[in-house]
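2 protein chains.
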Amino acid sequence: MHDIATRVWNHKWKIDPIVRSLIDTDFYKLLMCQSVFRNHPTTQVTFSLINRSTHIPLAHLIDESELREQLDHVRTLSLTRGESTWLRGNTFYGKRQMFTPAFMEWFEQLRLPPYDLQRVGDQYELTFAGTWPEVMLWEIPALAILMELRSRAVLATMGRFELQVLYARAMTRVWEKVERLRPLENLRLADFGTRRRHGFLWQDWCVQAMQEGLGDNFTGTSNCLIAKNRDVEAIGTNAHELPMVYAALAPDDAALARAPYDVLADWHEEHSGNLRIILPDTYGTQGFLDNAPDWLAGWTGIRIDSGDPATGAETAIRWWQSRGEDPRDKLIIFSDGLDVDKICALHAQFSGRVRVSFGWGTLLTNDFRGLVADDALAPFSLVCKAVEADGRATVKLSDNPKKAMGPAAEIERYKRVFGVGRQKAMEVVV
Amino acid sequence: MHDIATRVWNHKWKIDPIVRSLIDTDFYKLLMCQSVFRNHPTTQVTFSLINRSTHIPLAHLIDESELREQLDHVRTLSLTRGESTWLRGNTFYGKRQMFTPAFMEWFEQLRLPPYDLQRVGDQYELTFAGTWPEVMLWEIPALAILMELRSRAVLATMGRFELQVLYARAMTRVWEKVERLRPLENLRLADFGTRRRHGFLWQDWCVQAMQEGLGDNFTGTSNCLIAKNRDVEAIGTNAHELPMVYAALAPDDAALARAPYDVLADWHEEHSGNLRIILPDTYGTQGFLDNAPDWLAGWTGIRIDSGDPATGAETAIRWWQSRGEDPRDKLIIFSDGLDVDKICALHAQFSGRVRVSFGWGTLLTNDFRGLVADDALAPFSLVCKAVEADGRATVKLSDNPKKAMGPAAEIERYKRVFGVGRQKAMEVVV
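Line by line, the protein sequences give chains A and B.
Quick note on numbering: numbering that gives the first Met the number 0 labels position 241 of the first sequence as 240, and the sequence is numbered without any gaps.
Quick note on numbering: numbering that gives the first Met the number 0 labels position 426 of the second sequence as 425, and the sequence is numbered without any gaps.
Just so you know, the hints here were simulated from the structure itself, not pulled from any lab data.
Do not take every clue at face value.
Identical chains blur together in the list; that is why a pair holds if it fits in one copy or across any two.
To be verified - When the alpha-carbon atoms are kept at most 25 Å apart in a straight line, the in silico SDA-like pairs for lysine to any residue are as follows:
#	residue 1	residue 2
1	Lys227	Phe160
2	Lys227	Leu186
3	Lys329	Met157
4	Lys227	Pro406
5	Lys13	Glu175
6	Lys227	Gly158
7	Lys11	His1
8	Lys227	Ile3
9	Lys227	His1
Throw the hints in and build the complete structure from the sequences for me.
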């Protein structure tokens, strides 16, 4: 028996929207947005798409009008009553009313601001300009749209059974990963794969597979919509955009040197417990920790998002010890380019010495490597970053020079101010 | 949107019937049934289940009441109007009205006769006794039911995602086989996998995969219901049960020696062209061909169903040559224990020398080897054979002594009558 109504309904859509909800985004975006809404509501920023994998000719692969349709669709979205209820009523990290009434009222009225799209050669220039709290919410949907349009372009060439077998293979691969992770004792692992997912439904499937396969060891997802629908925890804290914008706004070198700590001072006021997670690598982890005020050593944990993760974790452990803290009470969150081998190795090395948690991204929700001809579905490194704040360029150094961004002169200035010496370059895959 | 009606309807079924149609059976069963209905309508036969894989404890794996429910359900089935229309109206092997009005009237009234089920140790004794045209139609549904109940018993222990990944892996495997077969020029391949299939829906999926993957090189399926639903050719000719019962009915050694040719003489009257396929191995291929009347050399082809297939095919080619026939006009159908390697090798060896066709069975529709713990879904060798005709035991020798069946004294007598010497034993996997 066909469900005729459903079939007719499905065919009524003019497009198949990739992003169908304003909370189909990472939880930390909303946390940061609230902080920005409170502390910097009028700061003007520009976010820009950056395809680090320049060998992927996005403008050849993705039709411009389809891209515009998808971006336009996101601009029609507003928070639904149920989404608002979930955000207002939910307990996040054990805390009720994480989002203030003032923020929720603003969010309920929000529509995403305009975008600017230009085709330049075989790439797109996609930028978003406006007030920080509004513009910042474009990052995740913009990335998810580009990633999924690229997937769809490849899938459009395939037959029905080829498609079924493609997903059969991909599902098998995810499940084999789950089976390898299952024996790890006290594993704490969350999905961080929204931005570079193969597609929304695929991310949703991956989350369900982790729920069934890992049980309580799967701690949740960064994706609010999936967390809501699948009744799992929404996970996330803060990201590089905070120190990057704070730093860009600094009027002089002294203020610049203070900026990363100012970010966390604001955060300290707003959040406690598991939300007090330091992201130390924006301008070099070692210098950040060496110069950190003592109150930061009391924070719950550190997220390692660039450089060699084991080295970063050892640095963090030594830092806590030097500040009289017991690392066994501390949390280290690994979130950079993880896959099963790395997760197993890091778990073996650090489990018991610190509390360990993993934020697994692209290679959870977009591991289609080797599954189609020319590896046309392999994930690639696409980001959408704040590049300007109140007219001044932003800079990111990170612990891997290949992830650095910003004008060359500014990069040199930041390196000097933050005392960053030679860094070890590591290939950025995803 | 849920289709509530469908959901409620599905949950109304007391059981999930495995066989839901009298034409969910092999096409050659219906062809043979018509021949038997014409030539031996009152012969009393007994068919019996034989589990050649005695290490599979069917009575432990399969609940007796579930087995009875499934068998009872088959006894409620009768030919539907649409099924009858399809049989009456279809063109089989280019011929209209393959089934006579008299046979169709009988078939439309048919309900399958009673069965006898006993549990003996860890096996079931399942027998069907009655007139030949009725009893013979139990073979395929009985096998399909036992195979699928065994699958279900294993699947019942698995979680939702484990199941999804199981089928993902199995689909991937089938598709990889299809991809290996695709480059073979002039491949002619049909599905013969009804009797030992993993399940009905799985066979149906395999057929669709072959349709999409192999196009016209996929010639059809032995399963009438799937042929009807998927609009492909129904494939099949005749089987060992005809010579086995004819032989058992023979009053003396001279009549016994004639029996296999009597079968084909009856068939010769009824069928022409592609349906004139010799199945020579019931009592030894070499002797059968040496003693065959000349009119048999004029038949279209030979089906190789036991022994080493390449040896059997070379024997057939030499025989045609010795009778002044051009093998390039002849058809050889391989149908014993095929998988991709064997298909590729036989295709390479014989393509161009004869017309080659493949009837691919168990390892198409039931290759779940290695996919679950303890290999609990591996296919096994279950048959349902005529063991008695008018009170006399049947005998099968075949070209592989491991496939021989019947009372030992009778096997010796048959070997003497048919001049069968030493045979090479080959392991029977499926």
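(message) If you test the structure against every hint from before, which numbers come out violated?
(response) Per hint list: 3, 4, 5 violated.
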